[in-house]
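Below, each chain spelled out in residue letters.
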Amino acid sequence: MVSAAEIPTELRAVHVLNRLAFGPRPGDVARVNAMGVERYIQQQLSPTSIAISASLTDRVAQMETLRMTPPELFIKYGRPEAERKGEKPDPEARKEARRRAHIIIQEAVSARLMRAIEGPRQLQEMMVDFWFNHFNVFADKGLGHLWVGSYEQQAIRPHALGRFRDLLEATAKHPAMLFYLDNWQNTAPNSPGVRGKFEGLNENYARELMELHTLGVNGGYSQQDVITLARILTGWGIQKPRRRNPARMARAGGGRNFNGFSGLGALGGFPGMGAFRAFGMRPFNSTPRRAMQNPGEGPDEYGFYFDPSRHDFSDKVFLERQIKGSGAAEVEQALDILAHSPATARHISYQLAQFFVADNPPEALVQRMASRFSSSDGNIRSVLATLFQSREFWDRRYFGAKFKTPQQYIISATRASGVEVLNYRVLAGNAARLGMPFYGCQTPDGYKNTQEAWLNPDAMMIRLSLATALGGGHLPLDRPPPDDAMGGRVTRVSLRKFDRPGGSMGPLDSSALRTTLGNNFSSHTLDTIEAAPPDLRAALMLGSPEFMRR
Amino acid sequence: MKSCCSDDGPEKPTIQNTLDRREFLKRAAILSASGIVMLSGHAWAAKIAGDSASRKRLVVIFMRGAVDGLNVVVPHGEPYYYEARPTIAIGRSGPGVLNLDGHFGMHPALAPMMPLWQDGNLAFVHACGSPDPSRSHFDAQEYMESGTPGVRTTSDGWMNRLLAVLPGNHDSTEAVSLGPTLPRILSGRMPVANVPTGRGANNPMPTDRPRIEFNFDRMYAGNDALSVAYREGQAARKKLLADVAADMKVADAGAPQPYGFSDDTARLAQLIKRDPSIRIAFMALGGWDTHVNQGAANGQLANHLRPLAEGVASLAKNLGPAWGDTVVITMSEFGRTVHENGNAGTDHGHGNVMWVAGGNVRGRRVYTRWPGLSQSELYQGRDLAVTTDFRAVIAAILERHMGLNRAAIGRVFPGFSNSGNDMDTIVA
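Chains A and B supply the protein sequences, listed in that same order. For the first sequence, the residue numbers in the numbering used here are 1 to 550. For the second sequence, the residue numbers in the numbering used here are 1001 to 1428.
Bear in mind the hints are in silico, worked out from the structure with no lab data behind them. Watch out, some of these pointers could steer you wrong.
[Unchecked claim] Here are some chain B residues the structure puts well away from chain A; computed CB gaps all over 10 Å:
no., residue
1, PRO1210
2, ALA1235
3, ARG1364
4, ASP1389
[As the list claims (entries may be wrong)] The calculated DSBU-like cross-link candidates involving lysine-lysine, where the alpha carbons are at most 35 Å apart (straight line), are:
no., chain 1, residue 1, chain 2, residue 2
5, B, LYS1317, A, LYS76
6, B, LYS1317, A, LYS197
7, A, LYS197, A, LYS85
8, A, LYS88, A, LYS76
9, A, LYS324, A, LYS76
10, A, LYS197, A, LYS324
Note that CB positions come from ideal geometry on N, CA and C, so glycine has one too.
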């Protein structure tokens, strides 16, 4: 190939802010230019080196449910307490519990948006977006609504730039994933632990673990491997009751009905969760517990538990490798095999290159990243460093090649506006309207990030309407939501008029916005903007083709 | 919108792009007259609706997540069925199967469709599916939507290719998808509109205001993917939503009401009735991946089937006379294991049941070369075998209902040989 033209110097800051970050905020382009794009990249690759403002730290810390473990969340927000004590289910009490639990997803969404809009560790936030979709769980499946925030906070976030193997393990053991892909019920047929609905194999997680999380659909596994991995994963589940400590169980508000697994429908209760120990709050941002790395040694504080009585202890052959029947260690071995497979290196590298470079990423780049993935033992930071240093990343052809996802569009527009957001529900509602509700992807492949997935006629209308509302100062972002807002569901589409009188802001200052965006507009776009009435100019910038892309 | 799928930088001129441009210019000519079209919408509609072949329509409903076809159209005459499913089988009595022909029966949640069956407007094709063995949701959906099982390189969807071979001059958008994103099955170079679902979908938007529209019209005047999508979006709002909005406002009088799938099918019926240029429509429904607690006559699967059945019934009712010109196919990427798994659910399988409804369908019949459910008859020892390729059913509908010839069908399903199937009689 002829040596490709590089992105011109004056656009390099815009480029990194669009790719490593959710687009520029006021002053960002100048700041990155002053410090140099290389230093900006280095800094972003080491997020802990970047200080977070006290104000943001405080506001995120107010999100109490993010600091709670899955067992704590279940006890506080799961089925009504009376019911967990064994009393008859009361539909009204259940509805009330479900309503109360909305706060969990609202806090998760607010925290995600807060960090993405204001947070300085932008690459970290981009990677949370990437990995959450890679290891997707769905808030509206059963108990998922209790745990998506905890899952992001405790399983995804700590490893977003870390080691792939650790991330894989953290997701494999989190109750959100164990519940979403059903492995908590996966049981060896005829094992001593068979009872109720725990009476046989469930392939769901085993299949997606290979197809989506690691090897990729063409990664060279067979239906027999799916079944074998399901057998390896038998008993790998969520904590079950501890009968020996009735006092503790009573304190935690359960203990009567954990033996009766009946009635555990999609919105059902949760066996034995009443027996979780009530742990004290942990400091926000603490590193993942060691318990996450010590499998099979009893329940960890997040509620993972390996139940040997439901495990298939026979010897197995998985992906042509011998696995000695030994319990939870088999899962560790299988995760090792999967994490170290060249197919996984390639699959993850392809997806990262797709996310950061182009919908059809250049093959040579994918290969270099895959080889870095393998040689660095799946060090995500190293793979990203390879990516950001590549000539493909700086190839002019790929400048602005990515069509923003709805969430990226909404976040980047809010960042560019410089508005101080007090109402995150407006943003979440618009994401839902564009088909991308937060924590609302039903299928395990997560949201796509390609143009094919998100560009469509209706989406253009909604994006431009949003741009018009935000640019004109009509989006009520700067007013806290009304009190009744806690009742609504942010994963559901809420269709409201955009131009309902709301925010107290006037139209955004279009010349400031132009500077914020690094004046990255085609001459045709600029002609249109300059010919338009002044009060529409900011709207046109936010609705421009250049701003739809990153 | 071929350029939707292109992502590496500026497009090079290709035959495909040239075609796009030509098609765009034709459409642009129509759209520039859109003011007139709007004002005299009905007269314009009446003009197009003249020719009967051009009134034939196809609606595809996709059940994403692999519905358990054996519990949808239940082989209740088959003892192996009850042996394989001790807790989730649909019984012969109680709130049990709605018998169809002595061997098969419908899930009781499909009761709203029983009148369609009795009127001969509903047929099923059992042991139907894709010849590709994949049990990956994503691969299998991809293949069913591209219409080329096993071929990964197909860039467009079969419904988009269908648009291209429909007779007529394609002057206006002929395909509509309900929902916030465009599905793979409709992706390709022919224009497609998508309209929002849910309550409030017809609320006014800032881009409806002439002052704002004027400026975005200027900004998105090109032939790039975004401009094309923009113009399709504006056309859809004007052409498809204006009348419906008025109707809907009267209907719900501004009061919040529960909103469900049958409201979306009612909206689709409105769109089809109001705009005879719509020839094909698509909508999708999720929630069928029942690995755990599938339920039997009641429960998870039942709760998903009921609104779907109500939706199909309401589509038939709301289309009125247009029902006679419409065929509705309901399909899913693959079926589920014959045996229930250890969690009162089912895992990914193979053969499934396809639903075919419409005023002109030769219904009241389950079309099948039934492979049986005994262990030796199962595909890979676990699944219902596929004895009818899903493309054979669609091809028959394209030929008999949409009036396409073999060559045109060959362009919709390249590489598919439609010989020797017995689906020819499925539509009159």
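Going down the list of hints, with the structure as the test:
Every beta carbon of chain A lies more than 10 Å from that of B:PRO1210, the smallest distance being close to 12 Å; the non-interface claim holds. Listed as outside the interface, B:ALA1235 is inconsistent with that label: its C-beta sits roughly 8 Å from the nearest C-beta of chain A, within the 10 Å cut-off. Distance check for B:ARG1364 against chain A: the nearest CB is about 34 Å away, which clears 10 Å, and the non-interface claim stands. The claim that B:ASP1389 is not at the interface with chain A holds, since no C-beta of that chain comes within 10 Å of its own (minimum 21 Å).
A distance of roughly 47 Å separates the Cα atoms of B:LYS1317 and A:LYS76; the hinted pair therefore is violated under the 35 Å criterion. For a cut-off of 35 Å, the pair hint linking B:LYS1317 to A:LYS197 is broken: about 41 Å separates their Cα positions. Note on A:LYS197 and A:LYS85: the hinted pairing holds, with a Cα-Cα distance of about 21 Å set against a maximum of 35 Å. Distance restraint check for A:LYS88 and A:LYS76: the Cα-Cα separation of roughly 19 Å lies within the 35 Å cut-off, and the hinted pair is therefore satisfied.
Proximity of A:LYS324 to A:LYS76 is assessed by CA-CA distance (about 41 Å); at most 35 Å being required, the pair is judged violated. In summary, the hint linking A:LYS197 to A:LYS324 is supported, as the alpha carbons are separated by about 27 Å, within the 35 Å threshold.
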